[in-house]
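Chains H and A are the protein sequences, given in the same order.
Terminal number for the first sequence in the numbering used here: 239, no gaps in between.
Terminal number for the second sequence in the numbering used here: 161, no gaps in between.
Everything labelled a hint here was simulated from the structure, so no lab data went into it.
The model shown is predicted, which means the values in this text are computed figures rather than measured ones.
The C-beta atom is built at its ideal place from N, Cα and C for all residues, glycine as well.
There may be inaccurate statements among the hints.
[Unchecked claim] Simulated pairs of lysine-lysine, PhoX-like, Cα-Cα distance not exceeding 20 Å:
1. A:61 x H:232
2. H:226 x A:146
3. H:72 x A:61
4. A:141 x H:77
5. A:57 x H:215
6. A:146 x H:209
7. H:77 x A:122
8. H:77 x A:71
9. A:61 x H:209
10. A:57 x H:219
11. H:77 x A:60
12. H:72 x A:79
13. A:122 x H:72
14. A:60 x H:72
[To be verified] Chain H side only, calculated, beta carbon under 7 Å to chain A, not exhaustive:
15. 78
16. 81
17. 93
18. 142
19. 166
20. 168
21. 176
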Amino acid sequence: MARRSSPEVNAGSMADIAFLLLIFFLVTTTIETDKGISRKLPPWQPEDVEPPTLKMRNVFEVVVNSNNDLLVEDEEMELKDLRQAAVAFLDNGGGTGSEACSFCQGSADPDLSVNPKKAVISLVNNRGTEYGTYIAVQNELVAAYNELRNREAKRLYGSTFVELETEYNDPKTGEGRKESLKEKIETIKDMIPQKLSEAEPK
Amino acid sequence: MSKFKKKKSGELPAISTASLPDIVFMLLFFFMVATTMRETTLMVQNSLPTADQVEKLDKKDLVMYIYAGKPSQRYQQKFGTEARIQLNDKFADVSEVQSFIYSERDSKREELIPYLTTALKVDKETNMGLVSDIKQELRKAEALKINYTTVQGDATTANQ
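So here's chain A without its partners, still in its complex pose (with noise of 0.2 Å):
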């Protein structure tokens, strides 16, 4: 009668923990693999221009950035192939940067007001228009120490 009668009754075999390494590792892969360090998503095509006379930008929460370019294929629909600026998480017009940089401002610390840095990572096919009314704009917030960011590499080849 009893044909599947279990073998062995009573206590549960514990379970192995061997496997738990393998877990964490596969986590610390996906998290090294995944991560980018981008507070802000962007809008716009961002392929910055080439220079080799460059200094890095350190003290990460000293910059403020902007961002300019056509906005990208996404927002094409709606927005048009037109360059555009981007501060924070939206797109925006001229006029708004100084406010931008003004509230930025605020949220820092007032002795680190004077070291604040303006990093402008603009595409490089956008018109210099753009990136002259920006910096008019930073001239009247007195936003004036600037960083034009780019990649490393030999410049007179790469731009053109």
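Isolated chain H, as found in the complex (with noise of 0.2 Å):
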């Protein structure tokens, strides 16, 4: 066979195509964003102002010791249980009269809280309680007002609360919507106020 040059192929502008899909990448490429429970601290108070008073079947306590143990309401409580436990004392739904809870779906328990408005969910660490634990206990009652408010959202708006703030997030939300979601956010929020109070640790 008679050797021949074969005619070669033009590849100048692959490198063009090689650009393109590097600049297609450079803008679609988002980069991962952190994520993690969000906190509002207390405003730093003077030592000498005078804690409010509190009815003790309003306050449901859970304190953790430097072995990572749980005490809830005086009683050792797995971190599995925890959740289950805040709901219960939120969802009680114990008031009469003027305090009365008109959606609470509790057994009015005369030792758990009046009403979710009322009630104060009190958090005391030790110096040497780690992290995690730490973590663990405030998630668990994060998510105990989650699902309490997910569930009135889901019975007052058809979706849950997760899934409106979501909404209201979303860059995309159009301004007219926002402010539907941001009322009806408002309002769950009234009706199920997060009252997480740290005390300082021992």
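Combine the two chains into a complex, taking the hints into account.
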């Protein structure tokens, strides 16, 4: 067979294609964002301010010791049971008259809260507590609040509280929709305010 | 005599550019793999705790990062194994947190200051004592919006 040179394919534009791809990926790549539990710290107060007095039944006390053990309302508890206990406390609905809770489904236990609006969860941790445990406890307590808020949002508006918030925070949501969403979120937050107090560790 | 005479003479052959895209691709892949979007070098061990009730932290320019944990292996000789705070690129004391917040605030535009969030990236084995100290300092500096940065997952089992 006679040797003949095959015609060379013009590869000059391959570089352009590669650059095009490079630019496409540069533009579309979103950098992974951090996720976490958002909290708001109480403002700094001078030492001599008198704390408001609360009824014992409206306070849900969670203590974590330096061995990462949980003590809830003076009883030992496993972490996995905490969420349910917190929901039961918040959703108790034991109030009467002006303190009555119109939407609570709890058993109206006389030892638990009168109304989610009045209920306070107090979290006390030791200086030796591990941060991981602390976050797990925080997570469970926030989950308890979210569970109730989701239930109420579902009942009132047909979609869960988390869905409402996600849509509200989505930049693609229009202004008009945002207004109505904000109103719904505020209503739910007003019904079940997140009152999570943290004492200074001993 | 002229045994080694060139067969052809004259014009240089054109350099083939066929491998140029390969080079570009190679660069592309190298940067895709090697890029990590971290602005500070971590000097502490930082395995974050797990949680599932998380919110996204968007708008990176509005976040101040405070790292805490045991110094990494190569810094343990010098700084010991006690958990420490890292601000920017160096170890810091609790008392430096306030001035760090103020200097971060100064570098931001004034109308953005109310939206600033402090992200606490704390190793899960750190004791709460240190974290509480940081929180007290943040309260004094009026940086009240905080976010405990976590990894997504089931909290009840993973943190034990």
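Evaluated hints:
1. Note on residue 61 (chain A) and residue 232 (chain H): the hinted pairing is violated, with a Cα-Cα distance of about 28 Å set against a maximum of 20 Å.
2. Of the pairs offered as hints, the one joining residue 226 (chain H) and residue 146 (chain A) holds, with about 18 Å between alpha carbons and a cut-off of 20 Å not exceeded.
3. Proposed proximity of residue 72 (chain H) and residue 61 (chain A) is supported: the alpha carbons are some 12 Å apart, at most 20 Å.
4. Proximity of residue 141 (chain A) to residue 77 (chain H) is assessed by CA-CA distance (about 13 Å); at most 20 Å being required, the pair is judged to hold.
5. Between the alpha carbons of residue 57 (chain A) and residue 215 (chain H) the distance comes to roughly 18 Å, so the proposed pair stays at or under 20 Å and holds.
6. Restraint check for residue 146 (chain A) and residue 209 (chain H): not satisfied, since their Cα atoms lie roughly 25 Å apart, outside the 20 Å limit.
7. Between the alpha carbons of residue 77 (chain H) and residue 122 (chain A) the distance comes to roughly 16 Å, so the proposed pair stays at or under 20 Å and holds.
8. This hinted pair does not check out: residue 77 (chain H) and residue 71 (chain A) have alpha carbons roughly 26 Å apart, beyond 20 Å.
9. The straight-line distance between the Cα atoms of residue 61 (chain A) and residue 209 (chain H) is roughly 19 Å, inside the 20 Å bound, and the hint therefore holds.
10. The straight-line distance between the Cα atoms of residue 57 (chain A) and residue 219 (chain H) is roughly 18 Å, inside the 20 Å bound, and the hint therefore holds.
11. Using a Cα cut-off of 20 Å, the hinted pair residue 77 (chain H) and residue 60 (chain A) holds, with the two alpha carbons roughly 18 Å apart.
12. For the hint pairing residue 72 (chain H) with residue 79 (chain A), the CA-to-CA distance comes to about 32 Å; that exceeds 20 Å, so the pair is violated.
13. A C-alpha spacing of about 11 Å is found between residue 122 (chain A) and residue 72 (chain H), which places the hinted pair at or below 20 Å, so the restraint holds.
14. Taking the CA atoms of residue 60 (chain A) and residue 72 (chain H), the gap is near 12 Å; set against the 20 Å cutoff, the hint holds.
15. Because the smallest distance between the Cβ of residue 78 (chain H) and any Cβ of chain A comes to about 4 Å, under 7 Å, the interface hint for this residue holds.
16. This hint holds: residue 81 (chain H) has a C-beta 4 Å from the nearest C-beta of chain A, less than the 7 Å allowed.
17. Residue-level restraint check for residue 93 (chain H) is violated (minimum Cβ-Cβ distance to chain A is 25 Å; threshold 7 Å).
18. For residue 142 (chain H), the suggested interface contact is broken, since its CB lies about 21 Å from the closest CB of chain A, more than 7 Å.
19. The interface hint given for residue 166 (chain H) holds, since its Cβ lies 4 Å from the closest Cβ of chain A, which is under the 7 Å cut-off.
20. Checking residue 168 (chain H) against chain A by beta carbon gives a least distance of about 4 Å; that is within 7 Å, so the hint holds.
21. Because the beta carbon of residue 176 (chain H) sits about 4 Å from the nearest beta carbon in chain A, less than 7 Å, this interface hint is met.
Comparing the model with each earlier hint shows violations of hints 1, 6, 8, 12, 17 and 18; every other hint is respected.
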